[in-house]
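Protein chains in written order, with full-length UniProt numbering: chain A, 1 to 600; chain B, 1 to 600.
Just to be clear, a hint being listed does not mean it is correct.
Identical copies look the same in the list; a pair holds intra-copy or inter-copy alike.
Below 35 Å or equal to it, Euclidean Cα-Cα: the simulated DSBU-like pairs (lysine-lysine) are [as the list claims (entries may be wrong)]:
1) K547 / K383
2) K257 / K77
3) K257 / K225
4) K225 / K47
5) K479 / K493
These are calculated hints, taken from the structure and not from any lab test.
Number of protein chains: 2
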Amino acid sequence: MPQFTPPVRDTRFVLEHVIGLADHAALPGFQNATPDVVDAVLDEGGKFVAEVLFPLNASGDQEGCTRHEDGSVTTPKGFKEAYTQFVESGWGTLSGPEEFGGQGMPHVISMAFQEYMISANMAFAMYPGLTHGATAALLVKGTDAQKAMYVPNMVSGKWGGTMNLTEPQCGTDLGLIRTRAEPQADGSYAITGTKIFISSGEHDLTENIIHLVLAKTPGAPESSKGISLFVVPKFIVNEDGSLGARNALSCGSIEHKMGIHANSTCVMNYDGATGWLVGEEMKGLAAMFIMMNAARLGVGLQGLGIAEVAYQNAVQYAQDRRQGRALTGPKEPNEKADTLFVHPDVRRMLMEAKAMTEGLRALCLWVAVQADLEHAAPTDEEKQLAGDLLGLLTPVIKGYGTDKGYEIATNAQQVYGGHGYIAEWGMEQYVRDARIAMIYEGTNGVQAMDLVGRKLASNGGRAVQAFFKLVGEDVAAAKAVPETAAFAEALEKASGQLQAATMWFMQNGMQNPDNVGAGAYSYMQIMGLVSTGLMWLRMASAAVKLKAAGEGDAAFLDAKLMTARFFAERILPDAGALRRKIEGGSESLMALPVEAFLAA
Amino acid sequence: MPQFTPPVRDTRFVLEHVIGLADHAALPGFQNATPDVVDAVLDEGGKFVAEVLFPLNASGDQEGCTRHEDGSVTTPKGFKEAYTQFVESGWGTLSGPEEFGGQGMPHVISMAFQEYMISANMAFAMYPGLTHGATAALLVKGTDAQKAMYVPNMVSGKWGGTMNLTEPQCGTDLGLIRTRAEPQADGSYAITGTKIFISSGEHDLTENIIHLVLAKTPGAPESSKGISLFVVPKFIVNEDGSLGARNALSCGSIEHKMGIHANSTCVMNYDGATGWLVGEEMKGLAAMFIMMNAARLGVGLQGLGIAEVAYQNAVQYAQDRRQGRALTGPKEPNEKADTLFVHPDVRRMLMEAKAMTEGLRALCLWVAVQADLEHAAPTDEEKQLAGDLLGLLTPVIKGYGTDKGYEIATNAQQVYGGHGYIAEWGMEQYVRDARIAMIYEGTNGVQAMDLVGRKLASNGGRAVQAFFKLVGEDVAAAKAVPETAAFAEALEKASGQLQAATMWFMQNGMQNPDNVGAGAYSYMQIMGLVSTGLMWLRMASAAVKLKAAGEGDAAFLDAKLMTARFFAERILPDAGALRRKIEGGSESLMALPVEAFLAA
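Produce the entire structure from the sequences given, and follow the hints as far as they go.
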């Protein structure tokens, strides 16, 4: 019943006018992303996901994955064929390195495509998504032999990849893992333990699955410093690249989840499975963070992707459904009722969704290009800035982006009234699917702590200072332009709240770190407002310039300017309240004893 | 896996110190609610729901209801036995009128019990809940013969009741209904049409189901002014009270819903079913609002009930689960990790839940007692005030209360991390169940419009002025007491924002009613903050007095004071941001044409 149209025009606007893709055209990797190629990726990639993946979204949710008695797992009807088509069309290879068979394009292009894939079918998108994360870790930490053995087939999508971190007794606190890795005479390790919540852990889409597994070697300390990373293939790979023996690992069960039913979330049992160390022993946490950081951006993108498709359908429903009359008098007197679209409170939900999805799209792509520029930028200074922004904003995109994704999906469901609660209409699936993105790859509370506890403080606050400088420069320029002055002032005010909150942390965090922890979530939310606001300032400024030059679609540009105004009037005001909450400190959060919560 | 303990102590605190139940002891109805009786209801009623209904909550969700080929519906395993026990114990009769076999207690006592029942099993609670709504309409609008025929068995719970409003083409806009009522020679009507989303529409719990159905008589206008209300029993009732012929109505299907699976939400087909007019012809909307207003309070209570049980489990999990270390250093160095409870961001979620559930409990019970005082208060002035407050705050409890219920359930799920997403842990059911309360009985957007469009304006703003007067008096008194002065000032500020927003509507609504519609939701949210805040002020003031008198449990009272402080520091600040959003007006919401939303 739902529909999906990839928002190609908006993506292109962001790539051209916010990212300034043309400005980077001469940089390594970017040469592969010529305007023609980018157009083809957006148009053809969008078409592929809309025509092939989207029709499997609802049926995949209803059917789910099936584990058989022998431990094998089949994905829902149609998934295998769609995956084969996905691999044959090369959609998974966009940003894979050319030396391993990829197309060598910048991550930002891959991100643009991935957003569409998530909108079309989030559970499906997770299969190649996890493979990308595992590939990233092997590329950075693996030996040349390991790369040669695994990466080409992972880039092509012939093999899948997974990340095995969580165990029943530990999620966030990976120092508590119990999976053991016993060194063998031949240099390999025997891996034994149980992992849970393993996305894409076992399935029928690929010939082989390359598991990356965190485990502890004998005598390793009982903390995160004792963790090592291992590559543990489902089928051992022979030296000639052919598949050898089945490894001693299996899917014990599939979790019964609230959503993403079409992704097989597995309990994985390792029973002395053969694995090989990736990177150095007891340096597994660093290797894991390579996977995690890539994955966190991808999860943030899930917030956006679900929000976009839910929003599109709410817009359509608001135009199809007739109920009641406009407050200002009947808009279509010949009909028995006006459309939902005339009601201000319905418009509020649609405009919030429009403002947030377009803002988050710009932010996701802008941060993704920092990941490219971190390596490709011409100067060390630019590389450092890109890396700083990437590190600072990755937890914001993950935490704030997925909160907003859930909120927008919930509001889109709300537009449907009672029909939104009924499975056949498809909206409740979006809410259930969106919910997991706030939890996995580090809960959003963990993201907030990563932001205030690590990213703010590192290098003497260099990243956040650079961010404030960027905002300040853009605000100053936009204040001088009549059409953007009001927006710039609203953003300046919100940015001022963020700076004041930062200062408050500096003044009150040392004496009591709980003061920082207590305000972390609100801080992440203000940072989300200001960074999304910066994107809206750039979109509005671009719209003004294009209009002045008589370029672009005037209606599209006018909509950008009006949506920016909505963002300033209806979304940015939260920054002040959030700052006040931070300044409340930790006392009223931490004062009560356990008994005060239990005594009913 | 989840647990539930009825929060009896907190309910009792509210009844004694916020409602002042003893002050009303001499009023009609309240005589039946002696302290001993109230204690018995809370203790024994709480015990009943915890022991009998709660164990069926998860299994009921998993199994759902089953429609058989003959159109009959069976509820999940154990429901019928539990319902029989419910009826035999008389838990449904608490506030039923004595002349029809009820216990004649005030609604506030019934509400206190219903909260527990919802926490224990929301889908179950809906069966008697709908019966209460239908009974209320019959009591006010039915003839003496109709009351005598139906009400005693509905009060006892032997028969069920439903409300049949929605049709495929109309939900909010009931003027569009197509169900026809053709007058018959014997004074009855032949009812024909299809109703959807009918909660408890068909089931195996009761001998008979008394459907109240909105339909249109021949020639009635095509608007809500043409609606009449009919009583249409599943089995025709003979004059001697025995059951006669099966009526020509049936359950066509059960909806596939996101949650409340154990309540049978039916498509109901009326094929010339025999019905009788309730009240006057074409005055059905007024009769319906009797059901609706009672039901809206009940739905608001669902927000609270789900929030309470979700919160309790999150607290327990936060104490059981060990992960990471406190920011201020290990709290239990001998354990491998501290409990989740030490982390400020987990405490934030738990304190928000605590502050909101206790605040909403007080508000629900305080508004429920207004429904009693509207009829029982000694003077006409007091009756009018009670009626005004009931009308004003019913949409707030429904809209704000259910938004908060969903938010708290979502946060409670978040405390569980990945386990929160897994069905076995029970938390995702609370989120799915809580979601419907924001939609049915008028979406929360409709509640906001009821508040600003009808309740604010009626009688020249008398109700809201009375509300501001109450807040002002309480604030003035509390400012003079050192322990409550800071809270009173925070509430005064939030109430000032609400007054400013009210003024803004008066100044800007006349020229453009969309300005009111655009701010309606934010207004409802500020009203939620201020009314819940008023309850916290009263709880804090009571705690101060009790402590000074050396009465009560000091730890419980200290927790009230600290939670009030949290409410002031962490929840009330939103009022300012919400006011600023209202003052943004409607222009940026309404300006964009349809095409601007579709052009992707």
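Now the hints, each set against the structure:
1. K547 / K383: Answer is within: at 33 Å inside a copy they meet the 35 Å cutoff, but 62 Å across does not.
2. K257 / K77: both (19 Å within a copy, 23 Å between copies)
3. K257 / K225: Answer is within: at 32 Å inside a copy they meet the 35 Å cutoff, but 47 Å across does not.
4. K225 / K47: Cα proximity of K225 and K47: none, with 46 Å in one copy and 49 Å across.
5. K479 / K493: For K479 and K493, both the intra-copy (12 Å) and inter-copy (32 Å) Cα distances are at most 35 Å.
Checked against the numbered hints given earlier, this structure breaks only hint 4.
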